[in-house]
Structure formats: structure tokens, C-alpha cells
Amino acid sequence: MKSRIPVVLLACGSFNPITNMHLRLFEVARDHLHQTGMYQVIGGIISPVSDNYRKKDLASARHRVAMVRLALQTSDWIRADPWESEQAQWMETVKVLSRA
350 MKSRIPVVLL ACGSFNPITN MHLRLFEVAR DHLHQTGMYQ VIGGIISPVS
400 DNYRKKDLAS ARHRVAMVRL ALQTSDWIRA DPWESEQAQW METVKVLSRA
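Residue numbers for the sequence shown follow our numbering, so the first one is 350 and each next one is one higher.
Just so you know, the hints here were simulated from the structure itself, not pulled from any lab data. Heads up, the beta-carbon is just placed ideally off N, CA and C, and yes, glycines get one too. Incorrect hints may appear among the rest.
Claimed, not checked - Label-pair distances were calculated between CB atoms; the ranges are: (1) 352 x 422: 24 to 34 Å; (2) 401 x 426: 41 to 51 Å; (3) 377 x 438: 25 to 35 Å; (4) 370 x 403: 17 to 27 Å; (5) 411 x 368: 14 to 24 Å; (6) 403 x 383: 31 to 41 Å; (7) 425 x 447: 34 to 44 Å; (8) 406 x 444: 24 to 34 Å; (9) 422 x 385: 40 to 50 Å; (10) 385 x 409: 34 to 44 Å.
Claimed, not checked - Within a straight-line C-alpha distance of at most 20 Å, the following computed EDC-like cross-link-like pairs (lysine to aspartate or glutamate) qualify: (11) 444 x 400; (12) 444 x 430; (13) 404 x 380; (14) 351 x 376; (15) 405 x 376.
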């Protein structure tokens, strides 16, 4: 049996607020990757953007991270990462990836 490539799924965004569909996207992606027989999803990360994203009506990063953590309370494989939300400026996804 060929070993599977380990994968961590990452979603960056405002999550203003996080919704069931955000969480469902992780499930669909994990199921698809597992069905290929090539990949093993070993985790998921949700990374809310900082307050400096400057999206209209954006709740504070502190509150959005708290909402994500509450939404993930029953997940044993997806976690919130507040790092991006704590940055002084907006971060490109590639910078978040290099840190994850």
C-alpha cells in the first residue's frame, strides 16, 4: 500500500461571522482528498484576517477569533489560528502559509 501525502487545510478570510458553510467546506475538501487515495488530511486551520483588512462592518479580530473558536469546539481536527488576526497589516495568504 502506497503511503498517503499528509495535508493540512487552511482557510484565510474575514469569517465575519463564521458560518456552517465555512466548516462544511473543510469537510468536503477532506472527504475529496481522502477519496483520491493519495492524501491524508491531518488537520485544518482557520485564520481570520486582521482588523487592518478594512472590510466594511468588520467585527473586531478578537471577536471573530472568539466566534471561530466557539464554532470549532466540537471539531477534533480543525483549529483556529489567531496569528494573522494579530498582525499590524493585512497578510498575503502565502505569508500565512509559510508561518503555518
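Going down the list of hints, with the structure as the test:
In this structure the hint that residue 352 and residue 422 lie 24 to 34 Å apart at CB holds, the actual value being about 32 Å. The given range of 41 to 51 Å is broken by residue 401 and residue 426, whose C-beta atoms sit roughly 30 Å from each other. In this structure the supplied range 25 to 35 Å holds for residue 377 paired with residue 438, their Cβ-Cβ distance being about 32 Å. Checked against the hint of 17 to 27 Å, the C-beta distance between residue 370 and residue 403 comes to roughly 24 Å, which is consistent with it.
In this structure, residue 411 and residue 368 meet the distance hint of 14 to 24 Å, their C-beta atoms being roughly 19 Å apart. At roughly 38 Å, the beta-carbon separation of residue 403 and residue 383 lies within the given 31 to 41 Å, and the hint holds. For residue 425 paired with residue 447, a C-beta distance near 26 Å fails the hint of 34 to 44 Å. A beta carbon spacing of about 25 Å between residue 406 and residue 444 agrees with the range 24 to 34 Å that was offered as a hint.
At about 30 Å, the beta-carbon gap between residue 422 and residue 385 misses the expected band of 40 to 50 Å. The hinted range of 34 to 44 Å is satisfied by residue 385 and residue 409, whose Cβ atoms lie roughly 39 Å apart. Among the hinted pairs, residue 444 with residue 400 is consistent with the structure: their alpha-carbon atoms are about 17 Å apart, no more than 20 Å. Between residue 444 and residue 430, the direct Cα distance comes to roughly 14 Å. Compliance with the 20 Å bound is thereby established for this hinted pair.
For the given pair, residue 404 sits about 32 Å from residue 380 by alpha-carbon distance, which is inconsistent with the 20 Å threshold. Simply put, residue 351 and residue 376 have alpha-carbon atoms about 23 Å apart, too far for the 20 Å limit, and the pair is violated. For a cut-off of 20 Å, the pair hint linking residue 405 to residue 376 is broken: about 29 Å separates their Cα positions.
Violated hints, listed in ascending order, are 2, 7, 9, 13, 14, 15; each of the other numbered hints is respected by the structure.
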